[in-house]
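**Student:** Chains as they are written, first to last, in the numbering used here: chain V, 1 to 222; chain C, 1001 to 1356.
I should point out that these hints are in silico values taken from the structure, not numbers from a laboratory. Glycine residues also receive a C-beta, built at the ideal position from the N, C-alpha and C atoms. Just to be clear, a hint being listed does not mean it is correct.
[What the hints assert, rightly or not] Calculated lysine-lysine pairs in the DSS-like style (CA-CA distance at most 25 Å, straight line):
| id | chain 1 | residue 1 | chain 2 | residue 2 |
| --- | --- | --- | --- | --- |
| 1 | V | Lys87 | C | Lys1006 |
| 2 | V | Lys11 | V | Lys98 |
| 3 | V | Lys217 | V | Lys166 |
| 4 | C | Lys1266 | C | Lys1215 |
| 5 | C | Lys1215 | C | Lys1175 |
| 6 | C | Lys1313 | C | Lys1266 |
| 7 | C | Lys1266 | C | Lys1243 |
| 8 | V | Lys166 | C | Lys1215 |
| 9 | V | Lys98 | C | Lys1006 |
| 10 | C | Lys1175 | C | Lys1212 |
| 11 | C | Lys1240 | C | Lys1227 |
| 12 | C | Lys1006 | V | Lys217 |
| 13 | C | Lys1193 | V | Lys41 |
| 14 | C | Lys1227 | C | Lys1183 |
| 15 | C | Lys1327 | C | Lys1297 |
[Stated by the list, open to error] The following residues of chain C were derived to be distant from chain V, with all beta-carbon distances above 12 Å:
| id | residue |
| --- | --- |
| 16 | Leu1094 |
| 17 | Val1097 |
| 18 | Asn1116 |
| 19 | Ser1184 |
| 20 | Lys1227 |
| 21 | Val1229 |
| 22 | Ser1344 |
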Amino acid sequence: MKALFYKEWIKTRWFFLAAALVSLTLCEYCLLNISRITELKGAVHVWEVMLTRDAIFIQLIRFVPFLIGILASLVQFVPEMQQKRIKLTLHLPYSQNKSIGTMLLFGILLLTIIFFLNFLFLIVYLNQVFALELVSRIILTAFVWYLAGFLSYLLTTWICLEPTWKRRMINLLIAVALLRVFFLSETPEVYNTFLPFMVLYTVIVSILPLWSVQRFKDGTQD
Amino acid sequence: MIRFSKIVFTITVTLLIIWILPWCYQFLTTTKTDTPFTLYSGVINDFAFIEHADKGLTYKDVKNQVYSEHEFDSILPLFFYRQLLSEERLPNRLFGVDLTPRLIQTENFNFRIDPNAVNTPSIGLYPLLESMSGRVDLEMPDDVFRLSERMEFIDIETNAINEFKTNVFTQMLQKKGFKFPAKSIAGNPTDRKEYDEGYLILDAEHNLFHVKQVKRRPYVRKIEIPKQVLVQHMFLTEFKNRKFLAFVSDSQQRFWVLETQTYTFKQVDIPSFDPACMSMSIIGNMFDWTIIVNDGKTKRYFAIDASNYHCIKSLTYEEPELTPMQKFGLYLFPIQLYFTEPTSPLIFPRWTLSWF
Chain V
1 MKALFYKEWI KTRWFFLAAA LVSLTLCEYC LLNISRITEL KGAVHVWEVM
51 LTRDAIFIQL IRFVPFLIGI LASLVQFVPE MQQKRIKLTL HLPYSQNKSI
101 GTMLLFGILL LTIIFFLNFL FLIVYLNQVF ALELVSRIIL TAFVWYLAGF
151 LSYLLTTWIC LEPTWKRRMI NLLIAVALLR VFFLSETPEV YNTFLPFMVL
201 YTVIVSILPL WSVQRFKDGT QD
Chain C
1001 MIRFSKIVFT ITVTLLIIWI LPWCYQFLTT TKTDTPFTLY SGVINDFAFI
1051 EHADKGLTYK DVKNQVYSEH EFDSILPLFF YRQLLSEERL PNRLFGVDLT
1101 PRLIQTENFN FRIDPNAVNT PSIGLYPLLE SMSGRVDLEM PDDVFRLSER
1151 MEFIDIETNA INEFKTNVFT QMLQKKGFKF PAKSIAGNPT DRKEYDEGYL
1201 ILDAEHNLFH VKQVKRRPYV RKIEIPKQVL VQHMFLTEFK NRKFLAFVSD
1251 SQQRFWVLET QTYTFKQVDI PSFDPACMSM SIIGNMFDWT IIVNDGKTKR
1301 YFAIDASNYH CIKSLTYEEP ELTPMQKFGL YLFPIQLYFT EPTSPLIFPR
1351 WTLSWF
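Just chain V, with the same shape it has in the complex (with noise of 0.2 Å):
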């Protein structure tokens, strides 16, 4: 396992950097908005318009952590089913599942980690500036589009271990018809009731993965 997720880690890295580095700044960029705003037009205003006109601020990293998921498993797992590299994955002494599910929960925790230091850069300045109240709208809206990453890495993680090119067509469609769900709406709080639901059907759909790797692994083709 822990050879595993320090090949992970060699092939990652550098994305890990990335991706940490462009969505902490596209957060500072929002922040910086409202300390704009603030300046310009006083802390009324920017409260005025979160109470009566739905504003969070934050719109702009709407489809990031989406992005973020899609690209995380891209570059995991494309050199892996590119060059065939799984098979060696597949055939080393460790459980198949293991094997994957190590690969998978490395990803997760990849982007934990990113997800995790958005949040925290995000609530630490808005803490400061707005009442709970306003700081938990922000947070919950938030929640749906980070979420939305985790499951864009699951699926596109589904897509690209899947052997055969008709299948990953469908899976395609369904990945793009599951995320859909998670764009909805742009009002703030609306998914809050759904929310528990979301989540739980995220942690389930890591098991789709493992399917396309018994594919794989049957030798299934176009």
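Fit chain C to the given chain V structure using the hints.
**Tutor:** Chain C only, in chain V's frame:
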């Protein structure tokens, strides 16, 4: 593990099919449903409407009498008063009342209740404007309040609790018999209005209070609710004429007017109205109101006497019958899944079973 993957895949595909296919079918088979702009005319004592026809607009009443645009302005003098005024046709007197443009402007109002707004998650922070600042224009305050176990004011600049103001307002509320925490609150937190009436707040024991800020001091007034009325939704009006403090709906889906001067509840003579799933528009003048209630299937119009809130006339526009294609769609997709609906902004899976 692989079997479980297959089960997850099958369930996912099934759910996506019963979501996307009916949506696509509905998108392709939806027809435009247009109800004409309808208003009650006290002059003809009936509803009059403007229809979109091939040759432009046609002006009619329910007896199918056709009017010219010129005549139509005359039968709705309080709605088209600016047009009549520009043509010097505004009557000096109507139903025994001397008309002036200023009086008409003060008495006319438009009001809308949207279930989307009712179902939108509330933030729980409310600005309390100064309602007697001595200035003509209202100003947004530099603090907001939350209702927890007290009425807690937060200074916006410092994001810290203003303990002094919190204590002053909390003590006044408690002195007037308010029991924390509050069940619901209604107000119009904006400075783009003529005057401010603060908020109506339902306390933990379902008692209703009117709370506002007058010269930086709390104004709290307990409002007597009629027996067997359990207030559910409140809508502060703040109309120019200052006659009505709010519209209120109760647990039995009755609709009430809360009058400003006397704080008395007067029931409006309309059938059940549930703000959580029906929309309502009121176009009112000093003599009558046209209330439009839309439940998504039917659009009901009520002409209400403005002096006693009794129903004078009513009119119903039924939803047009489903087209054969739409009916076929119900059989084709007996189970439909959808995440959004017109009456609520909340994203959540909802089902319709059309065969049952």
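**Student:** Confirm or reject each hint.
**Tutor:** Hints, verified against the model:
Using a Cα cut-off of 25 Å, the hinted pair Lys87/V and Lys1006/C holds, with the two alpha carbons roughly 23 Å apart. Distance hint between Lys11/V and Lys98/V is fulfilled; the C-alpha atoms sit about 19 Å from each other, no more than 25 Å. At most 25 Å may separate the alpha-carbon atoms for a hinted pair to count; Lys217/V and Lys166/V meet this at roughly 17 Å. Our distance criterion of 25 Å between C-alpha atoms is broken by Lys1266/C and Lys1215/C, whose separation comes to about 30 Å.
A hinted pair counts as satisfied when its Cα atoms are at most 25 Å apart, and Lys1215/C with Lys1175/C qualifies at roughly 19 Å. Under the criterion of a C-alpha separation no larger than 25 Å, the hint pairing Lys1313/C with Lys1266/C is consistent with the structure, at around 19 Å. For the given pair, Lys1266/C sits about 12 Å from Lys1243/C by alpha-carbon distance, which is consistent with the 25 Å threshold. For a cut-off of 25 Å, the pair hint linking Lys166/V to Lys1215/C is broken: about 72 Å separates their Cα positions.
Our distance criterion of 25 Å between C-alpha atoms is met by Lys98/V and Lys1006/C, whose separation comes to about 19 Å. About 15 Å separates the Cα atoms of Lys1175/C and Lys1212/C, which keeps this hinted pair within 25 Å; it holds. Distance check on the hinted pair: Lys1240/C and Lys1227/C sit about 30 Å apart at the alpha-carbon level, beyond 25 Å; violated. Note on Lys1006/C and Lys217/V: the hinted pairing holds, with a Cα-Cα distance of about 16 Å set against a maximum of 25 Å.
Among the hinted pairs, Lys1193/C with Lys41/V is consistent with the structure: their alpha-carbon atoms are about 21 Å apart, no more than 25 Å. With a C-alpha separation of about 19 Å, the suggested pairing of Lys1227/C with Lys1183/C holds against the 25 Å cut-off. Among the hinted pairs, Lys1327/C with Lys1297/C is consistent with the structure: their alpha-carbon atoms are about 15 Å apart, no more than 25 Å. Residue placement check: Leu1094/C keeps its beta carbon more than 12 Å from all beta carbons of chain V (closest about 38 Å).
In this structure Val1097/C is separated from chain V by more than 12 Å, as the shortest Cβ-Cβ distance comes to about 37 Å. Under the 12 Å C-beta cut-off, the non-interface status given to Asn1116/C relative to chain V is violated; the minimum distance is some 9 Å. For Ser1184/C, the condition that its CB be more than 12 Å from all CB atoms of chain V holds, with the nearest at approximately 16 Å. Every C-beta of chain V lies more than 12 Å from that of Lys1227/C, the closest at about 35 Å, which supports listing it as non-interface.
The Cβ of Val1229/C lies farther than 12 Å from every Cβ of chain V, with a closest approach of about 29 Å, so its non-interface assignment holds. Non-interface status of Ser1344/C relative to chain V is broken: a Cβ of that chain comes within 12 Å, the nearest being about 9 Å off.
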